[in-house]
Structures are given as C-alpha cells and as structure tokens.
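A.B. asks: Below are the chains, spelled out letter by letter.
Protein chains: 2
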Amino acid sequence: VTIALTDIDHVGIAVEDLDAAVEEYRRLLGVEPVHRERVEDQGVEEVLFAVGSSYIQLLGALGPDTPVGRALASRGPGVHHVAYRVDDVASALDHLRAQGARLVDEAPRPGSRNTLIAFVHPKTMGGVLVELVEER
Amino acid sequence: VTIALTDIDHVGIAVEDLDAAVEEYRRLLGVEPVHRERVEDQGVEEVLFAVGSSYIQLLGALGPDTPVGRALASRGPGVHHVAYRVDDVASALDHLRAQGARLVDEAPRPGSRNTLIAFVHPKTMGGVLVELVEER
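Protein chains in written order, with our numbering: chain A, 1 to 136; chain B, 137 to 272.
Worth double-checking, as some hints may not be accurate.
[Unchecked claim] Residues from chain B that face chain A, not an exhaustive set, calculated with beta carbons under 8 Å:
id	residue
1	ALA157
2	TYR220
3	ALA237
4	ARG238
Think of the hints as simulated: they come from the structure by calculation, not from any bench.
Just so it is clear, the structure is predicted and the values come from calculations on it, not from any experiment.
Note that beta-carbon positions come from the ideal geometry of N, C-alpha and C, so glycine has one too.
Chain A extracted, bound-state conformation:
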C-alpha cells in the first residue's frame, strides 16, 4: 500500500489582503480566477487560479484568531500549505498512521469545492503543512 499522491492539488498561499492579491495575480498571470469560496469552519476565504491540473490558492484570513491569521502574524505572507490529490483520503490517512505520521485530522472532513480533505502535521513531511484532497 502506498499513499498514491496523484497530483499537486494546490499550493495554499496566505495573503494579507485577498482582493489585492487576487488583482495582482490576475494582472501578472493575465488570467481570471476560477473559483472563490468562503470556508467558515477553516476561517478562510480562498480564491483559485488554475495552473495545468493544479491550482494556486490565495488564502485570506477571516480573522486574526484563525490558522491563516496566526500564520500571517507569525511568519507573514507566503506558502501556508501544500495540497496533494489522492483517490481516497481515508486510506491515505490509514497508510500515514501506520507509518507513524503525525496527523492534524484523524478522519477526512469536508473541504472547499465539495472535496474531502485532511491535514498532516508539518513535522511529518519536512516542515511542510500538508493537505490531502479527494475530489468527489
């Protein structure tokens, strides 16, 4: 059994001012964003730009006391997490758990775009907060 990462789903980038960052990316890339969604239970609003089969995800915090708000306060803007696409988040979590990985989410939960997601602790994969994404 392997974890079978099928693609990079997205790179999540924490930004101070979501609208300003979206405008900057639109201007630099010359393309329109493909999705915008407010995810209350994660305390973020996200905007996606498509890049091949992956996305650039710009993340604005819904308040200072949210994961992205705290990341902005401590480290400033930049990459917040890397998300890998998998066929089955539950079995990927089982595999990682069996390998002794430190998980943030012990079970899959709903993400944006009607996905199932789970986060893996940054201590596990070289200092990178990792998200697993299953498209449904």
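Chain B: place on chain A using the hints.
C.D. replies: Just chain B now, kept in the frame of chain A:
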C-alpha cells in the same frame, strides 16, 4: 500576452538533512525518488519525487552561506519556493518585467534537469519565491 503557466513544475522544500528527508518521503509515500542532482552554482543538492506531472523537490544546502542554507537558518525547514512550468522563460520574464514585477534573474539561466530557469522576487507574488522552469 500572458505568462502562460502550464503546470506547477515543483514545490521546493528546504530540509536540514537531505538523506534523512529522502528516506522519510520514500517511507511515507512508498515510492522511489526519480532524480538526484547537485547544482553547485545554486549551492544545493536536490532530490525529486514525481507527483502526477509535478515534482516534490527536497533541497539540501551545500553550506550555510547559500540561499537554502540561509533560509534554513532564518526560517527552518519548509517550502523554499514554488516553480511553475512555462513554454518560454525569456518571454515570461519580458511579460513580468512589463507588468512591473521584481525579478531575481533578469535573464534565463541553466537549471537542473537541463532546464532553463529564472527566479521572481517574493515581493511580486504574495510573499512566495517563484521559479519559472522551461523544459528543453
């Protein structure tokens, strides 16, 4: 004219101990790395794991006084840069320059895997050090 990012080429992850990180990723992902290369002029040794059409790039510093060595000293391990694949690095740089982007490399230079690359300053794209990669 747009910059036309065709894919995420790789996510570059700075690690303290390259061999230990490679072993950890092998074990967690259950796959072998596809490439290893020492890039003297960038002061790094890189190991690539394939994920769909993209790569996870683990980066070990060749010394403390290198870009990755300094990043490790100041911020610890984690995402060092995000690389986007383009058809033509030179024209992507022209487009970014015309948009007022702050560039690290004013012209394409050789990268690993016989690619042409250029880096864009993190101030330009939301706090993220961006690399453009043209496969040849």
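A.B. asks: With reference to the structure, classify each hint as holding or not holding.
C.D. replies: Evaluation of the provided hints:
Look at ALA157 (chain B): its Cβ gets to within about 5 Å of chain A, closer than 8 Å, so that hint holds up. Interface restraint check for TYR220 (chain B): the shortest CB-CB distance to chain A comes to about 6 Å, inside 8 Å, so the restraint holds. Given hint, ALA237 (chain B) at the interface with chain A, holds; its Cβ is 6 Å from that chain's nearest Cβ, closer than 8 Å. Interface restraint check: ARG238 (chain B) against chain A, minimum CB-CB distance 11 Å, threshold 8 Å, status violated.
Hint check: a violation occurs at hint 4 only; the rest are consistent with the structure.
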